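Undergrad: In case you want the letters, here they are:
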Amino acid sequence: MGILFEDGNFSTFYHGFLQTIALSALSALFALLLGGALAAFRVSPVPVLRVFGTTWVTIFRNTPLTLLMLTAVFALPRLDIHFSTFTFAVIALSVYTSAFVCEVLRAGINTVPLGQAEAARSLGMGFGQTLGLVVLPQAGRTVLPPLSSVFIALPRNSAVAGAFSNAELFSVQKVFDEKGYPIFMTFFWIALAYLAISFTISGAFRVLEKQLAVAR
Amino acid sequence: MSSTQTATVLYDTPGPRARTRYAAFGVLGGLGIAGLLWWIYSALDRTGQFDPALWDVFQYTAVQQRIVDGMLATLRAFGLAALFSLALGALLAAGRLSDHRWLSAPTTAVVEFFRAMPLLIMIFALYQAVFAAQPFWGLVIGLTLYNGSVQAEIIRTGILALPRGQGEAAYALGMRKSQVMLLILVPQAVRSMLPAMIGQLVVTLKDTSLGYIITYPELLYAGKLIASNSPGYPYIPMILVITPIYIGMCLALTALAKWLEARGRRGANRRTPDAA
Numbered sequence: 001m002g003i004l005f006e007d008g009n010f011s012t013f014y015h016g017f018l019q020t021i022a023l024s025a026l027s028a029l030f031a032l033l034l035g036g037a038l039a040a041f042r043v044s045p046v047p048v049l050r051v052f053g054t055t056w057v058t059i060f061r062n063t064p065l066t067l068l069m070l071t072a073v074f075a076l077p078r079l080d081i082h083f084s085t086f087t088f089a090v091i092a093l094s095v096y097t098s099a100f101v102c103e104v105l106r107a108g109i110n111t112v113p114l115g116q117a118e119a120a121r122s123l124g125m126g127f128g129q130t131l132g133l134v135v136l137p138q139a140g141r142t143v144l145p146p147l148s149s150v151f152i153a154l155p156r157n158s159a160v161a162g163a164f165s166n167a168e169l170f171s172v173q174k175v176f177d178e179k180g181y182p183i184f185m186t187f188f189w190i191a192l193a194y195l196a197i198s199f200t201i202s203g204a205f206r207v208l209e210k211q212l213a214v215a216r
Numbered sequence: 001m002s003s004t005q006t007a008t009v010l011y012d013t014p015g016p017r018a019r020t021r022y023a024a025f026g027v028l029g030g031l032g033i034a035g036l037l038w039w040i041y042s043a044l045d046r047t048g049q050f051d052p053a054l055w056d057v058f059q060y061t062a063v064q065q066r067i068v069d070g071m072l073a074t075l076r077a078f079g080l081a082a083l084f085s086l087a088l089g090a091l092l093a094a095g096r097l098s099d100h101r102w103l104s105a106p107t108t109a110v111v112e113f114f115r116a117m118p119l120l121i122m123i124f125a126l127y128q129a130v131f132a133a134q135p136f137w138g139l140v141i142g143l144t145l146y147n148g149s150v151q152a153e154i155i156r157t158g159i160l161a162l163p164r165g166q167g168e169a170a171y172a173l174g175m176r177k178s179q180v181m182l183l184i185l186v187p188q189a190v191r192s193m194l195p196a197m198i199g200q201l202v203v204t205l206k207d208t209s210l211g212y213i214i215t216y217p218e219l220l221y222a223g224k225l226i227a228s229n230s231p232g233y234p235y236i237p238m239i240l241v242i243t244p245i246y247i248g249m250c251l252a253l254t255a256l257a258k259w260l261e262a263r264g265r266r267g268a269n270r271r272t273p274d275a276a
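If you read the protein sequences in the order shown, they are chains A and B.
full-length UniProt numbering applies: residue 1 is where the first sequence begins, and numbers increase by one.
full-length UniProt numbering applies: residue 1 is where the second sequence begins, and numbers increase by one.
These are computed hints drawn from the structure, not numbers from a lab.
Small disclaimer: the values here were computed from a predicted structure and weren't measured.
All residues carry an ideal CB built from backbone N, CA and C; glycine is no exception.
Please note that a few of the clues may not be correct.
Covered by chain B, per the in silico footprint, the following chain A stretches (three or more residues, Cβ under 8 Å) [stated by the list, open to error]:
id, segment
1, 83–96
2, 119–133
Straight-line Cα separation of at most 20 Å, SDA-like style, residue types lysine to any residue; simulated pairs [what the hints assert, rightly or not]:
id, chain 1, residue 1, chain 2, residue 2
3, B, LYS258, A, LYS174
4, A, LYS179, B, MET249
5, B, LYS258, A, GLU103
6, B, LYS224, A, PRO77
7, B, LYS258, A, ILE152
8, B, LYS258, A, THR58
9, A, LYS174, B, VAL130
10, A, LYS174, B, GLN134
11, B, LYS224, A, LEU76
12, B, LYS224, A, GLU103
13, B, LYS224, A, PHE164
14, A, LYS174, B, THR215
15, B, LYS224, A, ALA107
16, B, LYS224, A, THR85
Just chain B, same shape as in the assembly (with noise of 0.2 Å):
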């Protein structure tokens, strides 16, 4: 049996009375999906969301500028907070696998504490008390502490994930701690943990959308401006464009997650072979 196993176990290759039912339920199911989406258009269509005059805005440079540009102040903000986080989380990992108490038990209380805050209470404490006038730094180290902190995490538990000996050889070989660390344990930590890593920046991606709320011009913000600024308020036009944007730039992060693993997976945990 194939990968496919786990799907059908739960089930008997059907019978014909079975696939009879699976039928059934098939043709009922597919009626609930179609009078759900029934249920939506209508919705839509009553109130009058397909009426061309809304969607007109769309046709203006001018709004599909403010939009391309909304969702690179996104990618800006994304990309500088998907880099700090990332050091950010190397260093806090390195802090609390410290052998000196002094430095892991603050680390620890640290990353403790900025995984266990609201993403929001913290953007809006940063913005309201350093960053009025930049919104822009605000939602970027807010960030930056949120992720970091899981990042740390990710990569804590895949420098424990390693072979025992790893460390014990390098250890062996006359290595310093920082340096068992830095040239041994890390790197094949970031490579094993990878997939997660770019999860967590999924997540991150999202989560400039917060910048919203604070004032800063990303896409959500974008969005919000013309839907509000524009005849007839487009709020619904609006974000049926919004969304597959996010869902896009998501899924391309997952497709990046996904394509490493199976790189990962081919070539990263080759073992030794047996000796001789």
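Pulled out of the complex, with its shape left as it was, chain A reads as follows (with noise of 0.2 Å):
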């Protein structure tokens, strides 16, 4: 168990533990940004924005991670597109973890009783109003559950990136594996760590539901 602690290990182990978090911060961000734009254009009165959002979450909902994680790093620099692995890492789970977010988010914005658009369009609200002031913040506080799980399986997700040469928890499995340490005592580590990343995540999730529950 205490192979952490020999060789160097540690700051191996502890620079992919970083590099995971950073990897899913900015993801998550990133997501959540794109992820909101989409919900708006969906719900939007212009039919060409709606479509595209639709587009959008078909396509990205239906199709596999490691296949967008290997157009990111093979296919991108043939386009002459150069980016780190990081930067293309953090493309690929944003975009894929967008059309996830932008789902639940219209989820949400459908749970908001009809009488708070109606109350908010009689006040001479248009469109980007009652959306941006008076629904999307009742919808984000309802959505926070089904949101919480989309970023715990953010962290998760970003492991394929280590498998396509950005340096994170799995690389260090790989790299550990290399030096010939027995698999299930490097797993063990690696599990913990992700562990630990879930449920402060889903910690912090619960301690913003009830900061922000709505009262209805």
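Each chain sits in its own coordinate frame; assemble them with the hints.
TA: Below is the structure:
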């Protein structure tokens, strides 16, 4: 069990851990922004934007993340788009996750009582104001539980980036494996790291849910 | 108002000025999307991705055969993993709902553990430790453990959501707990949770692509092999061929879920009419 404290292993592990967190946090931020915009597109009065949102969600919800990651790492450079593997991983993860965030937010918009939007409109608010000031804030609160499962899945999905030569926890497992350590010992430490990340996120969401509960 | 109500409640029926404004936004949005598509097209064109030489490989029957083989390998792993995960899910759900703490507590721990672990890490560990020679089983067992745990949670919530009277009535008829579960509760829960279970099967199908990383020759692996072994490295043509196949397979499963949901709404939710 002590393999973490031999042979400079700890710094490899620590670096991978931080990379997983940085990758997940950045992707979560972009996925939230992108997903929010897509959800607004999908309920907007402009048909072109609705079609765009629907197409985006259909494509990226039904494409495996591994395929997206492979596209980012192998195909984008062929189009003369060159970034670090970290940036490619952030792009693939946020594009993939944005489709799920959009669907969750859209479901949330449907749970806001009709009266809220009607009241906003009768005050003379337009679509942007109704959505941005009245409906989305309430929808955002009611969808915290499904949103939390999307964001708990995100660090787990980020492991795929490790298979495309981004140095995070999965690639730490590979490095230790090549050094000849027993796989289940490595697995134990990596599992511990992921459990810690998962529990932190679900704990944070539980606190948020308590703080932001909508009284109806 | 119909089911489109939620979509339209956010804005009034547009008057003449609003209609012009929406039309303007529509044109702007259309231009933006057209610009995006043009940018993608020109990037593809500039780097010579439409060069017929790059697409030639897909005319060889050997290459087509390899894609079909990859698809079959994907479906084989998916089919087995789907079957196993549903069985494991039912078992774990039963374990979690058990009245015996010595059974329910460890089952809960198992479910929580496999749900929190990245699937790729599990598949890779299984591959390295046990199945180095058979990546197929590494993939299938990894998929089963993860998706089985998720299915267990779906089935469990389904059982807990049933009206209490169902179980009580069965107990009142003198059934044992195992009979109540197997004959009364599980069939009803499965029926109501079928769409959610199939939704998880879509995830299982997509996750078979993780087999690529442990060199299981599924669709993505076949594509990568074709692209890296052909003149000019046609990665982008390969992706343009393979992505629609994945999307098509997933949409077919989703359509099945929707159909079952519609059917379920028609049949299963029949309520007993008011007594007299």
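Undergrad: Would you list, in rising numerical order, the hints stated earlier that this structure does not obey?
TA: 1, 3, 4, 7, 12, 15
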